[in-house]
Every structure is written in structure tokens, then in C-alpha cells.
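Read top to bottom, the protein sequences are chains A and B. Under UniProt numbering, read the first sequence as residues 1 to 442, first letter to last. Under UniProt numbering, read the second sequence as residues 1 to 186, first letter to last.
Just so you know, the hints here were simulated from the structure itself, not pulled from any lab data. Even glycine gets a Cβ: it sits at the ideal position worked out from N, Cα and C. What you were told as hints is all true, and nothing was included just to trick you.
Stretch by stretch, here's where chain A covers chain B in the computed footprint (C-beta under 8 Å, at least three residues):
(1) 138-144
(2) 164-175
Pairs of lysine to aspartate or glutamate, EDC-like flavour, derived with a Cα cap of 16 Å:
(3) B:Lys164 <-> A:Glu21
(4) B:Lys164 <-> A:Asp23
(5) A:Lys143 <-> A:Asp70
(6) B:Lys150 <-> A:Asp70
(7) A:Lys140 <-> A:Asp68
(8) B:Lys150 <-> A:Glu71
(9) A:Lys140 <-> A:Asp70
(10) B:Lys112 <-> B:Asp77
(11) B:Lys152 <-> A:Glu71
(12) A:Lys261 <-> A:Asp237
(13) A:Lys41 <-> B:Glu147
(14) A:Lys190 <-> A:Asp226
For reference, the chains in residue letters:
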Amino acid sequence: MDPAKAKRKKARRHRRGAKPEPDRLSALPDCLLHVIMSSLKARQVVQTCVLSRRWRDLWRTVPCLDVDLDEFKAKKTPAAPGGDHNAASNSNVRTAQSDEDISASDPESSDSDSSDSCSSFSSSDDDDDSKYRYGGNKDKEWKDFEDFTVNLMHRCNISQLDSFRLHSRRLRAPRYGDRQVGGWLRRAMKYCTPYPAGQRKGLSPSPWHLKRLHLCFVALNNCFADHVTSVLRTLEDLELDDCRCEIQSVTSHSLKSLVLKNCRWFSLSEITSRTLKTLVIDGGSNTDDCLLVILTPAVAYLHLAVSVSGFDAGISLNDMPSLVKASIHLRDHAGSIFASHKLCGDQSKLICSISNATSLELKGVGRKGSPNLEKLTLRHCKKKKGKTKLSKTTSSEFLGLNFMSENLKIEIIYKYGNGHQLVKLLCYGNLSKKCIKLIKVN
Amino acid sequence: MEVDKGKGEAEETRKVAEADRDTVTLKSSDGKLFEVSKEAAARLSTVLAGMIAGGSIDDNGTDLKQIGSEALENVVDYCNKHANSIPSAALISSSISFNTAPFKEPEEWERKFVDRLSHDALFDLVEAANFLGMERLLDVTCHKISEMMKGKSPDQIREVFNIKNDYTKEELEEIRQELAWAFYDD
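From just these sequences and the hints, can you work out the full model?
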């Protein structure tokens with residue numbers, strides 16, 4: 001047969017759900033299979049071990065693990081032990097054997113079989129989903145999640161991973177579930193070492209290889225922060241989502257990206273990293289009387305979207321001379337009850353420290369009628385090589401800025417370039433020229 | 001873009017212009033010639049970048065004996081599309097620069113690009129991308145393969161990829177016992 005024709009036929013058969021003849025997947029080298037497995041969730045990664053001998057131990061050396069409570073949704077699980085579904089789900093392995101028999105006998109007939117079994121699979125999923133919703137399989141889901149995660153962390157050396165993601169969910173976790181997960185993580189951190197020669201007693205722990213760590217709904221404490229500083233020495237990307245953090249300071253000598261979403265901090269007073277390029281703080285809260293000082297001089301991208309009441313004692317940003325893009329969004333700030341919050345009063349300071357940004361977006365800063373923002377200072381740091389030109393600032397994103405406040409004074413301190421251009425730009429909005437003060441420094 | 005081979009005159013003129021050309025010609029295992037922008041090839045493939053820098057590019061078509069014409073056509077197609085989509089890529093990277101997803105999700109056009117491939121063509125492309133050291137194309141194609149596995153039971157995965165189960169029943173039972181925590185079992 002003409003090869004193109006054969007190929008077309010093969011493609012047609014594939015579209016119909018038939019098998020392509022050779023096993024192209026298993027023929028790929030380990031490194032590619034690892035790349036492929038890295039986009040799967042962790043339980044499915046482990047389950048590949050039953051596919052064939054080729055796959056038996058691949059999961060043990062996969063570089064990325066994504067453990068997600070979502071994967072443990074009571075799918076295909078029996079509502080009652082001994083039920084019909086039980087047999088079906090238990091036979092993961094046994095049906096594999098029988099399936100093998102079918103495919104060996106007649107590939108054409110197995111086509112229809114396979115499509116049938118697919119549809120029966122999906123319908124049973126639906127059934128189980130409704131059982132999950134009404135029967136409340138949360139407990140089982142959590143237990144499966146726990147058994148899996150604890151065993152996995154025990155057997156798979158997470159200190160040798162490139163990337164580790166541990167996602168729990170507030171809505172589906174039991175009470176204090178985040179602390180449980182925090183405990184599993186803490187134990188893993190304590191006992192995992194990339195060198196299996198045993199614990200090096202009395203010596204500092206050997207560094208992990210981890211580059212990316214994402215945690216969702218995990219309770220963390222200072223042990224974790226210490227681990228980040230002293231053991232995760234190659235960590236570049238840390239994301240914490242909905243975590244409860246009894247952490248006073250985050251320090252890293254390797255981090256490039258730090259994303260903190262909706263985390264509850266207890267007396268967080270310092271974030272320090274000379275290497276950090278991206279900093280995102282989105283939502284969350286800190287202890288009432290604790291000022292957060294951010295010392296991250298290399299940050300190029302800054303995104304700060306917090307409610308004023310959440311960070312009551314304020315956030316202090318130190319100089320970020322490499323800042324390229326900044327977005328500051330202070331929420332619920334116009335409400336009168338928040339008028340006394342420190343963060344409001346500190347706005348001008350906040351903005352001062354990000355004035356090197358070439359693209360600046362401010363939202364919720366200086367709302368109409370807000371008594372808080374009285375002065376906006378755009379200052380060009382004359383200390384830094386004197387190369388920054390004011391014209392850069394003219395590209396700033398002033399859209400969305402509402403300067404309606406009558407007592408707002410804008411102060412522009414500049415050394416180089418044409419300050420009047422910026423004034424023009426500002427007057428294009430709602431500002432009157434007399435509110436703007438131009439100061440040229442030498 | 002495919003170049004008709006055997007056009008004597010065209011060969012000659014190409015040779016003359018070779019020195020300052022901004023494309024390179026690649027030859028598939030079955031002898032077909034393809035032209036691709038030098039810049040895109042060097043940017044997307046570490047192997048081609050090395051060949052270009054090392055001057056080991058053959059003006060009459062650099063032999064890539066491991067890659068069939070269909071896969072090479074897709075590689076070249078990908079390079080050209082990638083070169084054209086740079087503005088949009090830049091736009092996206094600036095607007096979602098706060099996104100720090102560990103796996104850079106394929107863009108819409110990349111998704112479409114791999115979606116239209118047949119099973120075999122997809123694997124041919126994975127192998128070609130691997131051979132040429134095209135990291136991004138590897139990510140995109142491997143991502144497609146994992147999409148095909150996602151959420152499927154081992155049985156279903158065997159179906160889709162025609163993986164032959166060479167375990168004995170006893171062996172499987174043993175594995176399942178050892179790794180009971182990774183399977184559903186109550």
C-alpha cells in the first residue's frame with residue numbers, strides 16, 4: 001500500500017478511537033516521559049506504574065510533583081463498601097489484564113468495546129459526583145489525600161524535585177486541615193535530604209534542589225521560613241495561596257518570584273531578598289500592629305493589591321531602583337471607617353519608593369473626596385547614577401487615577417528632562433495646574 | 001515552505017546569494033528541502049543555533065537524517081508561525097508578567113498547531129523537537145500528550161497509546177499492594 005494512504009488510514013482509525021499500531025509513547029526516552037508526566041497530577045503520575053514494565057519506576061524520578069486535593073474528589077469510589085462500583089474501581093489492575101485479551105483477539109471489535117466502556121465510565125462519574133455532593137464524601141476524600149501525600153513524601157524524595165505543588169482547599173478540608181498539611185510538609189522538610197547517606201548530625205542540612213514551590217491552604221510557621229532561607233537554596237519561585245503563616249520574616253538568597261495570595265500573616269515584619277524580581281502581594285492580612293518592611297532592591301515587577309484594613313500597620317517599601325512595572329491597588333479605602341488606617345497615610349511614602357517605575361498603575365489611591373491622599377510625590381532618585389530621565393515617567397499609566405480630591409498636591413521633583421511635559425499630562429486629567437509643584441534639583 | 005529540489009538554476013542562484021541569506025535550508029531524511037528563517041531557527045533550536053554559529057550549515061540543505069519530511073515541515077511551520085507571533089507574545093508577557101505558573105501554558109496558536117496533528121505526526125514532532133533541541137516546541141507537544149493522558153485510568157491510557165501490558169497478573173497485584181495508597185481501595 002502506498003505509505004501516504006496507509007498513514008491516512010491510520011489517522012482515520014485513530015479518529016475513530018482505534019489504536020495506532022506502535023506504542024510511540026513508551027518508546028520516548030525517560031527524560032521526555034518525565035516532561036509529559038510533569039503536567040499530570042501526582043496520583044496519576046504514580047498510577048502510571050501499572051501501565052507496563054517500562055513505566056514501573058518512572059514515577060519515582062519524576063522532577064515535578066503536583067499533589068492536589070482535587071484529584072481525590074470521590075470519583076469512581078463506592079458509596080458503600082462492597083457495592084458494584086467497588087468492584088469496578090478495585091479492578092483497575094485486573095481489568096487491564098482482560099482488556100489485553102480483548103485487544104489481542106480482534107482490534108476492530110475492540111474499537112466498539114472501548115468506546116462503550118468509555119461512555120460507561122463517564123456516566124458512572126456523573127453518578128459518583130452526585131453522590132459526592134449529597135453524600136458528603138469529604139472525609140474519604142481527605143483521608144485518601146492524606147494517605148497519598150504522606151506516603152508519597154515518604155517514598156519520593158521531594159528534596160530532589162525541581163518543582164513541588166501541594167494544593168489543599170479550604171472548602172473541602174476538615175477543621176485545621178491546613179495545620180495537618182503543614183505537619184506533613186514539616187516532617188518531609190525535616191527528614192528529606194538529597195543525599196541518602198543519612199542525616200548529617202550536627203551539620204547544617206544539605207540544600208534541596210527545589211526551584212519551584214507552590215502551597216495552597218497550608219499552615220506554615222517559622223520552621224518553614226528557616227527552611228526557605230537555609231535549605232531551599234535554589235528556590236526561585238515561591239507561591240503561597242490562602243496559607244496561615246506564623247512567620248515573622250521571609251528571607252531568601254535565591255528567590256526570583258514571590259507570590260503571596262490571601263495569606264493570613266501573624267506579625268510578618270520583613271520580606272528580604274536581594275535576588276527577588278517579581279513580588280506579588282494580593283489580598284490577605286497581617287497582625288494589626290505590625291509594620292511590614294519590604295527590602296527587595298532588585299524587584300522589577302511589583303503588584304500590591306491589599307485591603308487597607310488587612311495591613312493596618314502599613315507596608316513600607318524600600319527603594320526599588322530596577323522597578324519596571326508597578327501596580328498598586330488599595331482596596332476598601334474610601335470607606336470612612338478606614339480613614340485612620342496607617343496605610344492610607346503612608347500612601348505618598350509608598351508611591352515615593354516606587355517612583356522609578358516606567359509603567360505605574362495606581363488604583364484606589366486618592367479616590368474622590370478622600371481626605372487621605374494629600375500629596376503625591378514623583379521623585380527621581382538623583383542618587384542613582386543620574387541617568388533616569390523624567391520623560392520616562394510620562395509613559396506612566398495615569399489612567400484610572402482619580403485626582404479629584406481638592407486638597408491634593410502633586411509634587412514633582414526632577415533633575416533631568418522636561419517636567420512641564422508631565423504637568424501637561426496631569427492637567428489632561430482633572431487636575432488644575434496650581435496643585436502641581438515642580439521642583440528642579442541640581 | 002518547501003523548495004522544489006532539482007531545479008539546477010535555482011540551486012546556482014541560491015549558492016551565490018548564500019553568504020548573506022537570512023534563511024537556512026534543511027533537508028529531511030527523504031531528501032525534501034525546507035527553508036526556515038535563520039533568526040527563528042537559531043532562537044528556537046539549540047542544535048540549529050550551534051550549527052549556524054559553527055558554520056556547519058550546508059547551503060544545499062543541511063541533512064537532518066533523523067527527521068522525516070512531514071515532521072520537518074511541521075518544525076519549519078512552527079518556526080515561521082513563532083516568528084510571526086512575536087508581537088502578541090510580547091504583549092502577553094507584559095500583561096501577565098505577574099503570572100508565575102511553573103509550566104508556561106501553550107498559547108492559543110500553539111494549541112491549535114498541535115491539535116491538528118495526527119497521533120503519529122505528534123510523536124514524530126516530539127522526536128524532531130527533541131533531536132533539534134527545541135525546548136518550547138517540546139513543551140508544547142509534551143503538554144499535548146499529557147492532555148491526552150489527563151484524568152484517564154491506566155486502562156484508558158493503554159487504549160489511547162496502545163501500550164502493551166507486559167505484567168503478569170501476580171506482578172500487577174504486587175505493585176498494587178505496594179502502592180495501595182495511590183489507588184482506590186476500600
